[in-house]
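Undergrad: The task is simple: from the sequences and hints, build the whole structure.
Each chain, letter by letter, is given below.
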Amino acid sequence: MKKGLMRGLAGITASLCAISLVATAYTPSREAFINTRLGTSSVELVETGDGSADAYYYDSEFESLGDLVQANVDLSEQISAEGSVLLKNTNNALPIDTASETVTLWGHNCIFPAKGGMIGSSAAAAEGQDDPGFIGGLAARGFNINMDMVDFYASEEAFAYTRQTFFPGAGLLPAFTPAYEPPQFYMTGEIPASMYTDDILKKADGTAAIVIITRDSSEAADYSPTMFCATEGDTFERPLALSQYERDMIALAKQHSTKVIVLVNADNPMELKELKEDAEIDSILWVGAPGEYGFYGIADVLSGAANPSGRLPDTYATNGTSSPAMMNFGLYMYTNNLNNGSAQGDIPQLTEADKADWYLVENEGIYNGYKYYETRYEDQILGRANATATEGSSTGSAWNYEDEVDYPFGYGLSYTVFSSTLDSVDLTLGEVGTATVTVKNEGDVAGKNAVELFVQAPYTEGGIEKSAIQLVGFGKTQILEPGQSETITIDVDPALFASYDETAVKADGTQGAWVLEAGDYYFSIGSDVHAALNDILSVKDETTVEKLQTINDTYLAAEHVQVWNLAETDIETYSAGVQNALQEANINNLIPDTVEYTTRTDWTKGWKTVDTLTPTADMMVGLTNSNYALNANGEGVTWGADNGLTFLQMLDIDGDGKIVGVTDIEDPKWDQLVQQITLDEAIQFIECGGDDLENLDSVMMPRTYVNDGPIGFAFDQVAGYKTRWTAADSARPTYVSDQPEAGYSMAVFPTEPIVAATLNKDLVTREGELLGEEALYAKESGIIAPGVNLHRTPYCARNHEYYSEDSVLVAIMANTVSAAMKSKGLMAQCKHFAFNHQELNRSGLSTFFTEQAGRENELRGFQLAMSSNNTASIMTAFNRVGTVFAGAHSGILEQIARKEWGFKGGIITDMVNGADYMNWRDTVAAGGGVMLTNTPTYLNTNIGTMTAAKDIIATDTFFQQKMQDSLKSWLYSVAQSNAANGLTETTVIKHVTPWWLQALYAADAVFAALTLLFVFLGIKSKKKEA
Amino acid sequence: MKKSFGLFVELIAAIVGIVSIVMYGGSLVKTQNTYIFLIAAVVVAVIAAIGAQKNPGVCNWGAPIAAALAAAGIGYSITVMSDAIGYVISGLYTMDDIRGWVNFMIAACIAWLLYMIAGFTGMAKEA
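Residue numbers (this note's numbering), protein chains in the order written: chain A, 1 to 1026; chain B, 1 to 127.
Please keep in mind that the hints were generated in silico from the structure rather than gathered at the bench.
A couple of the hints might just be wrong.
[What the hints assert, rightly or not] Pair ranges (Cβ atoms, derived): (1) B:47 - A:228: 33 to 41 Å; (2) A:1009 - B:54: 25 to 33 Å; (3) A:126 - B:36: 13 to 21 Å; (4) A:237 - B:96: 26 to 34 Å; (5) B:95 - A:339: 53 to 61 Å; (6) B:109 - A:230: 48 to 56 Å; (7) B:103 - A:339: 18 to 26 Å; (8) B:103 - A:155: 40 to 48 Å; (9) A:569 - B:89: 28 to 36 Å; (10) B:109 - A:1001: 19 to 27 Å; (11) B:103 - A:237: 39 to 47 Å.
Even glycine gets a Cβ: it sits at the ideal position worked out from N, Cα and C.
TA: This is the structure:
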């Protein structure tokens, strides 16, 4: 009996020992993740000098964390106040007199409004943190609220209708797994009209109705026109149209209120025509998803404390599916897909590892957003190119602009009236010119006015595709008192309105160039893009005036327009180093005549879906992730050299001890520094970019944290300011441990569409600065923001993380916020480079487009921040560019980003979600760099881990050189960040074993010892028995 | 020497262990280490069961060894599934996505428990 007992106990302890050993072997690869959750660290910076050196190169401007939090609140209010867009205001319904009027909040979503978006931009207050929502925001600003309605919406009975796929306030269902069906449903969260009792309705009588209409946003999710409404009993024609319950609720609000004001709490453009045309709807205010504190700013607009000055960052179409960009949006699979496809002749079936079943054909060419609607409108007015054909018409009859657009890009009203004059446009090719605009407040209320400058470039039918109008810059006045005027200056860079000609051959013989064609360029400052185009059309040809269609109160004015003439066509000035790099992203270049692109020569074209696609053998190279094979080549590179350099020596530090620059990346010292790194360190750094950037002891670069996202550090990644700190950091000036705000969520700012709508670079700069301050208090050095992808369609549910449908607006916003972050030592990481236009099956999605469209729209949005190197780094996209994973596409990474734009910063992948297609081999070889993952991710793949491939890597000189290039770019970026804080010439990196790892070691030892003991006792007892 | 109840437990454990290996093929993410350790556990268990008739003193130790090997295999399967489990917790994956792994875990843990029970009982009574 005793033998059996000992043997059994040995089995238990041996099993526990085995599990403990596995955990001991595994957990170091997730060390950073575990450390941040437990508040521990494996690396400490130890000062070996006398400690007198000032090691804080970036100091906080705030005395305390509380002051910083208050600054976030204040800025969020301002952004929201200036970013809310007044779409309609009749009968002087707004502003509301808080002294005499009582308001009733209508719409069940007033309880759980959309504040951000699920996953990377999730806004949720931590315990003790201010979480006003609509109700708290209005109450704080002195509104008298009908609380009976609020209590009714908060009741258990109404709660059953709450949007809650995961948690209350979430109506979309994101997924990281492959999808073989379109998104199925959306929950509106609205309640049936039958639930409103007479008593509740009576209490709303005589009050002003504030109606909340909400649509959610989410990473890893999209809207689909075929969705059904999952709120019990509710229905909609399309998810971005009003639902039946919403219509019923609005009808009740109209019956029981003195006035009806609709707040559109959604970042995706909704279909608002019925509200716009309903005379009983007095006002419509777009407020987007305003983050944690933006509700105060909305309340300020409603009360008149702030005069609205926001402008729409997107076109609000009557039917969100009416643009050509929507034609191929959704679920399209190769014929040899894994799910229901099969091998096609010699083309094998795609595998799970390939992660390549899906494609997206961007058939709209350059005509996305207003570039489609406004260009077709001009051709409608001028009677050109079948513009009035029924193709693309949402009514089924002849296409007519007024039937298609509710509110154009740039639209936004004020409580006052402004006049504006475009005084001058001063341009020289190759330089950034200026436009001056004089704005006067002609009304009787003080307010700011945003000015958008548009241009129409000369267009020849059948020539280069061109939008009839495009944004080139913007500015904003200070608050102008009634009668006051201000002249503002807007930068105008001709590079931003050059067209990309794929066929042009430059003097150096290379093909592809940025072209400015000879002719008249019409600049205009109309109150929105449509008004600006009307201004231009009326100036160009007075006979068109009678045909023009105006939207609401826009007006024609010749003083809005200036003409600049270019005598000769130019293809060289903006084309240095430029050549075609995206020809294989055009599906017609791979399989001729696959798609018919939208063209100004004939508007009947571009309306066909690409329902079936069989990849060619050449396409399968990319789709099977076989872009590079490691091979022995070259003479090798130097690793582990003793050059006596440290990371800190690359910095330029001024007399005040602040970083003012960094050694030029072309300086050979960088190569010498990189050569000090060992191959093992390099592999670790590149293979394990998840949650942090690994420390590089050989050059004294400390471990560096980089996390999501666009509205502030995401709470699920950095659970409060205190997360990254350990007691060893307690001497640091921004150390956080037990302050009341220590556990607060930092994801608080209004979402990017609202920021874009402000058209206020000062506010954007301040946002970047405060994000930099957040980083100092959270011990973070990089933020995976801003989101810079284009709003290509209204149905991408991740539009909340991106600014606009217009690439110039995106570019200026991204560059401005990145520069401000940099000034505070925070590395911006613009994402997702590039063409991340669809979240459905984003992992591995083949994205096809023309090179002209790619460069003029999506890439132009990234260009300013990257060419100025204000963004320290970029995150690549999940999707493929053509058939090649975006993170392993040398065309965008090396040719365009590095060579054409001069981008010097680090490149990292998005979270590795498909390790075979997002593989380290193809990524590094193509000029990418760090993989956002951990070593175990590659254990179960065809490629295996980088660590295991060390021997062959060591023979591949080309590959090692790429590794060193990547390391250099990251060192260059990190050197300019706050990661240098705490480092001096005499600091050393000390490795420590955190308690949890010590505990695992102890468990290994104890279980091993017990096992041996029980084995010994078992054998001994056997002998005794014998 | 007589056959014991433990022999049957050990054999059942080995059979369940084989079933778990087959089921592991349905796991969302797999690792070779799990296959190696689980197969090793089955091999040890079977050899021990066969040898127990002749040399129970040594072969009865096969059960605890198999238990330890199975535990290692289970441990490795958890390491590569940690991300997926996290996604289920955060809602990005559903239980359906990891159902194959969960089924495997149930079978593998049953086999592991049976190995341990066989360790206590022994497979053949020693003289």
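Undergrad: Is 39 to 47 Å a correct range for the gap between the Cβ atoms of residue 103 of chain B and residue 237 of chain A?
TA: holds, 42 Å
Undergrad: Given the hint of 18 to 26 Å, check if residue 103 of chain B and residue 339 of chain A actually sit that far apart at their C-beta atoms.
TA: holds, 22 Å
Undergrad: Could you say whether the range 19 to 27 Å given as a hint is met by the Cβ separation of residue 109 of chain B and residue 1001 of chain A?
TA: holds, 26 Å
Undergrad: Could you check the hint for me, namely that residue 1009 of chain A and residue 54 of chain B are 25 to 33 Å apart, CB to CB?
TA: About 32 Å separates the Cβ atoms of residue 1009 of chain A and residue 54 of chain B, which means 25 to 33 Å holds.
Undergrad: Within 48 to 56 Å: is that where the Cβ-Cβ distance between residue 109 of chain B and residue 230 of chain A falls?
TA: The hint (48 to 56 Å, Cβ to Cβ) is violated, given that residue 109 of chain B and residue 230 of chain A are roughly 36 Å apart.
Undergrad: Given the range 28 to 36 Å, decide if the beta-carbon distance of residue 569 of chain A to residue 89 of chain B lies inside it.
TA: violated, 59 Å
Undergrad: Could you check the hint for me, namely that residue 95 of chain B and residue 339 of chain A are 53 to 61 Å apart, CB to CB?
TA: Cβ of residue 95 of chain B to Cβ of residue 339 of chain A: about 20 Å, so the range 53 to 61 Å is violated.
Undergrad: Against the range 13 to 21 Å, how does the distance between the Cβ atoms of residue 126 of chain A and residue 36 of chain B compare: consistent or not?
TA: violated, 45 Å
Undergrad: Looking only at beta-carbon atoms, does the pair residue 103 of chain B, residue 155 of chain A fall within the given range of 40 to 48 Å?
TA: holds, 42 Å
Undergrad: Taking the CB of residue 237 of chain A and the CB of residue 96 of chain B, does the distance hold inside 26 to 34 Å?
TA: For residue 96 of chain B against residue 237 of chain A, whose Cβ atoms are near 30 Å apart, the range 26 to 34 Å holds.
Undergrad: State, for the Cβ atoms of residue 47 of chain B and residue 228 of chain A, whether the hinted interval 33 to 41 Å holds or is violated.
TA: Once the Cβ atoms are compared, 58 Å apart, the range 33 to 41 Å for residue 228 of chain A and residue 47 of chain B is violated.
Hints 1, 3, 5, 6 and 9 from the earlier list are contradicted by this structure; the remaining hints agree with it.
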